[in-house]
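Trainee: Residue numbers (this note's numbering), protein chains in the order written: chain A, -2 to 409; chain B, -2 to 409.
It is possible that part of the hints are untrue.
Some chain B residues close to chain A (C-beta under 10 Å, calculated; not the full set) [to be verified]:
| hint | residue |
| --- | --- |
| 1 | Val227 |
| 2 | Lys292 |
| 3 | Leu407 |
Which stretches of chain A does chain B cover? Using the computed rule of at least three CB atoms under 8 Å from a CB of chain B, they are [unchecked claim]:
| hint | stretch |
| --- | --- |
| 4 | 260 to 269 |
| 5 | 308 to 321 |
| 6 | 329 to 337 |
Since the hints were derived computationally from the structure, they do not count as laboratory data.
Keep in mind it's a predicted model, so treat the numbers as computed, not measured.
Positions of the beta carbon are idealized from the N, C-alpha and C atoms, including for glycine.
Read off the chains here:
There are 2 protein chains.
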Amino acid sequence: MKKNVLIIGAGGVAQVVAHKCAQHNDVLGNIHIASRTVEKCQQIVDSVREKGSLKTAGELQAHALDALDIEATKALIDKTQSQMVINVGSAFINMSVLQACIEAGVAYLDTAIHEDPTKICENPPWYANYEWKRKQLCADKGITAILGVGFDPGVVNTYAAAAVKEYFDSVDSIDIIDINAGSHGRYFATNFDPEINFREFTGRVWSWQNREWVQNKMFEVKRTDDLPVVGSQTSYMTGHDEVHSLSQNLDVPNVRFWMGFGEHYINVFTILNNLGLLSEQPVTTAEGQQVVPLKVVKAVLPDPSSLAPDYTGKTCIGDVVKGKKDGKDKEVFIYNVADHEEAYAEVGSQGISYTAGVPPVAAAMLIATGEWDVSRMVNVEELPHRPFINLLNEMGLPTRIKDEQGDRPLSF
Amino acid sequence: MKKNVLIIGAGGVAQVVAHKCAQHNDVLGNIHIASRTVEKCQQIVDSVREKGSLKTAGELQAHALDALDIEATKALIDKTQSQMVINVGSAFINMSVLQACIEAGVAYLDTAIHEDPTKICENPPWYANYEWKRKQLCADKGITAILGVGFDPGVVNTYAAAAVKEYFDSVDSIDIIDINAGSHGRYFATNFDPEINFREFTGRVWSWQNREWVQNKMFEVKRTDDLPVVGSQTSYMTGHDEVHSLSQNLDVPNVRFWMGFGEHYINVFTILNNLGLLSEQPVTTAEGQQVVPLKVVKAVLPDPSSLAPDYTGKTCIGDVVKGKKDGKDKEVFIYNVADHEEAYAEVGSQGISYTAGVPPVAAAMLIATGEWDVSRMVNVEELPHRPFINLLNEMGLPTRIKDEQGDRPLSF
């Protein structure tokens, strides 16, 4: 039984994590939020109090923290007596926060893979470049570290595991499809940190096909699906974290990730990328100033968390899984539909943040109760899928399944 | 009789000015080139020597100069015994260089209006905000200052004056059309300094219509013309220097400027502009760095002078003038067609730089010979058009006229 959660980060996802932790503080204990800018943490604390999200009386405090400073992070873990750290800060801090958790002997959870600010699209599998190098250390020290437990990666990994274990004798392909059919009403915006968002698309697209790594260019390969609720949607093969763990952890020859983009997004992205404005490498202005273009693009774009009040429409994210069952071809689509307006009404964030922020809280609850407190480093597909899907059903992210028997809620 | 020329600036236009001065150094005397980066000046000197452009033996030297430093500019004028300064540097230095010329008692020529780095699209007429405030001083001191004597502004002002004086009893409208039908083969590039180029289009478009200033948005008003050599071309009403002097100096109720843009240019411009990446106002990155987005866009785009070797195709720039002659409606098109490849072969620059760089040298020659040495500040339409057009015909920018009598060379 573990308790008390330290949330690191203060963006839109952290806002959701804080609200959801508060809604379940009878299980999770005290809640602390830390980021470089303590004011942003305090705003989240205020928002949680305003909405009355705390289920029972308990601590809820904001802290200033440079999460790259391992000793400072350890000190805050110690001071707050946190036994679980949910890291939803920048993708650049994972390895520092993980190290702090290992040294402090507490559980670690994150929602996206570690990135080096100066590199994009490294060699696959990505996890092997950073997090998995600490696998042995976590096992030796009995540290529970759950990697990538947002929606995608995260819930879609559980969907993949559920499909493999519950519905097939053998699986040939897992295609994860991520569609945001919502509208934020702005000229252009990204749904999460523009810097991380664009970095996903400026390099090579890695996919796992016929048990080998295949490279493509962004927007080179697309598909169109008729999906529940959101209808006909075109998505493009995209490099994404979960391909790099599912390919290694499940015995499936094809694992691909597809993200939906509108023509306007592709037009803007293509121009910025072709001009060199999405580069993570510094350029020098005529005046001699060294600037990373991508950081300037981020500075002029809307703050993703500012989109929430006006966001309408729905997301549909799920796994198309194909294989054999009893000698016959079979296909299932396991998915969730989330609503931007409902997310904002409940926790003050838009649907993309909501789908990313609820799962790590569910995972923390499963650590708190012991079901997922596995004392080693894992990706989500390595953990029991049934309690996670059941808990998400209760926490605002209901799972559905569509197959030859129809389209229906999924629970175990 | 004035002689010896100091060229300020070291971009693509300065390269043309240097070559053309060298080709006429029997009239112009010694040639000196100065800019912040002396290496760029030296490259131009080397290019002139390599092409053997010097007509007779004479000085040709490179100098380092911060042209915002009025005393330093005066000292260099004095040291080089220059009696004429051709300013083809950044649009931000005009007022400093002009002041240095006034104090040094030498002639001043430029090819584009002064700009304040922090302002765009100021109130009309633009010249009244800066240069014209020195009109009285120039008159008092007997300084010849010729403003905007590139192609547009410059030659097109002479075309307007020629039309008014030679072909009409009354003129109703002057529409200046600037078409670059050339191709540089790059994904995207501007033909001159991106910072100055984009600044022309990010604010209001001023035009002179029915003897009043009218405001439009960029790309709001367009026209399509069937033009000599370049064929059918769409152009867009654009704010431009010459509208601000022709409207005040000629008794013509309608003066408009039109620039040709392809769909790709408009798409890129529109996206960059809507995102805020063309802003001249600084933004702050997440890391706290203050950056002017437009300067970063400039840094990632190709250096315009680097386009020259691969540039093909032609430009067509001229004045559509409509009015009355002998009680009847009349229309003339006075224009020049320039060829990018021919320009590069002759002076190592592309056609846009060529059309901008030849006219100030012709003007300097007319000052040297006394015909344009008017001892006051003028815009080009206030000067005799015949010697200028005749000289340009000889110097590589032949003028043609198209009217009811056909399409033919124009000379006097």
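Trainee: Checking each numbered hint in turn, tell me which of them this model violates, lowest number first.
Mentor: Failing hints, ascending: 1, 3, 5, 6.
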